[in-house]
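Chemist: What follows is each chain in one-letter form.
Protein chains: 2
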Amino acid sequence: MGIHKVHWEDLRSYCQKLIEAQGVSREDAFIVADSLVDADLCGVESHGVSRMAIYLKRLETGVVSKRSQVNVEKEYPASMALDACNSMGMVTGVYTMKRCVEKAKENGCCFATVRNSNHYGMASYYVKLAADENMVGVTGTNAPPNIAPWGSSKPYLGTNPLAIGVPTTNDPMILDMAPSVVAMGKVILAAKLGKEIPLGWALTKDGKPTTDAAEGVKGSVVPIGGPKGYGLALFIEVLCGILSGAEFGPHLNNMWSDFENPQDLGQFFCAIDISKFIQVDRFKTRMEQMIAEIKALPKNDGVDELFVPGEIEHNRRRERRKNGIELSDIVYEELRELGEKSGVPFLI
Amino acid sequence: MGIHKVHWEDLRSYCQKLIEAQGVSREDAFIVADSLVDADLCGVESHGVSRMAIYLKRLETGVVSKRSQVNVEKEYPASMALDACNSMGMVTGVYTMKRCVEKAKENGCCFATVRNSNHYGMASYYVKLAADENMVGVTGTNAPPNIAPWGSSKPYLGTNPLAIGVPTTNDPMILDMAPSVVAMGKVILAAKLGKEIPLGWALTKDGKPTTDAAEGVKGSVVPIGGPKGYGLALFIEVLCGILSGAEFGPHLNNMWSDFENPQDLGQFFCAIDISKFIQVDRFKTRMEQMIAEIKALPKNDGVDELFVPGEIEHNRRRERRKNGIELSDIVYEELRELGEKSGVPFLI
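Those protein sequences? They're chains A and B, same order as listed.
Per my numbering, residue 2 is the first one in the first sequence, and the count goes up by one each step.
Per my numbering, residue 2 is the first one in the second sequence, and the count goes up by one each step.
There could be a bad hint or two in this list.
Chain copies aren't distinguished; within one or between two, either way the pair holds.
Using 16 Å as the maximum straight-line C-alpha spacing, the simulated EDC-like pairs for lysine to aspartate or glutamate come out as follows [to be verified]:
1. Lys187 x Glu197
2. Lys209 x Asp302
3. Lys206 x Asp302
4. Lys58 x Asp259
5. Lys296 x Asp172
6. Lys58 x Glu341
7. Lys155 x Asp302
Hints in this document: simulated from the structure, not taken from any laboratory.
Keep in mind the model is a prediction, meaning the values are calculated, not measured.
Chain A on its own, in the form it takes in the complex (with noise of 0.2 Å):
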């Protein structure tokens, strides 16, 4: 028992073949594989393939559709409203911000939203997307509710997460954050392990600050700067949920527990044609000079290096896909029960 290092590739192959025993075809399959191994090598384990049970078990129960499918509500110039028609949340997420980066192209920025869609993990893999086409990308999801209302102590929005990003002459430069101090699961793995939290990280049901993480857990997680917190998540939550027509706060179904009524979730997404604006050479040698300058301000004590947002997942990313991504027990052989089940060989 304990670390199995895997390679990327294999994990990612043996991912989508697993998708693909559930009936959905094999671009979809590499795509969502693609998005989830992607951030086991960003170290955003939460949005990885720990989320492959729950994905193949949504797909199993037909509560998300098998067949990707996007319905053009209205189109305009720089503008679509989606429908995800409940397929998974990668794929109508790829489809659409490819085409945002595509009406960009030709008219200067596009913004979509998409409705009646599902979880699509890591927001920054949508971003970085139309900042590999020199665009600026803008994503974000909602999702159902662990955020109080500033002054409430019952939890109403999501954490949901923003992201931005755009190319430089290196890897593109970008952020993707959740409006929270920190993200639910942090707490739910304290409590699990019996530790302390930091004050600061949740509050108790009643709404009072707390240390203990089980009480944290039947709470809700505090809002980055406070109030500052809980508008960017319900202005995230207008632009995913009010805007697109896709349900929204509490009255978004829950993934874990409800596979009877799709999530119907909400997502908006961005693309803003740099070259519209200035030299994309010049805007590269301009984000390069920011980050150089950045890079080389005194550190505070104990600080080794001063990143900017994204490069600690660029950097992980290079490292695990040279020396494997580890993955624990839990999720090894979960993963190997899945393919058992479906009689897809385990080659990892």
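Start from chain A and add chain B according to the hints.
Modeler: Then chain B, alone, in the frame of chain A:
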């Protein structure tokens, strides 16, 4: 000595005349005066008529252009790259957001950058213009450094505000926030009053948390959520400074001390036409449902009412339009002197 209560329209008219006395057109002077007085109405005094002295001085010294002009450098159906020609920030800000709204009505959305700009006051002013036209409005500006990149002690990024607003059936919902826990202005004020500041507001010039306001003034303000707020400030800088071709970070000239070199600030503006995604009435009904649900949530001990972003400001605006704006002695006397200097009768 004490507090002077003035009528908001008298105050606006007086400020407009003071700006006109510097050779600014009647229409442009009205926009600037209206934005400043609206900030005082909303309780955002830091961006209100207390700025009149520096605004007038910058016009008088010619470091800000008296005549407003905008050159369109690149334009596509959903984008504009503009040169503000060193005009007053409010005048080009209103122009740009209005053009974004027009273009979004045609094409779904529009994103614009502005370079060679100046201080544009309260960011929420522009998103309200968009929300009043049934648009999602978004804007941001860069500003001289007050935030240190996470892990450093040296400010590199401004407390670059981000504002976003949408219509409801009543007041628009508007978030206008800096990515720092508090504005540097609050730390400066505490230092002046010899008061301690809470831990978590500011860092010393060596990057250490401090409760000593005077040390905080020499240092930096803390970004919300640590690296997250740093990332937000950085990406607002990318959109405002890097993409627009304006200056950025520590290269921005100082508004208060440099009367020779224009600031060369950058701003971005975005309008998204709600009707291109969902029926406007349905959007507003859904907003009202969400707001009503939030306001009905249980309240923590000591909390009388739960608010959505911008609500407190709308309430203040209504109250102060009715009962008057309270100006401190300092600001009141400053305004009187500005009138004496330029021969504008003091009628507030």
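Chemist: Among the hints numbered above, which are violated by the structure, and what are their numbers in rising order?
Modeler: When the structure is compared with the hints, none of them turns out to be violated.
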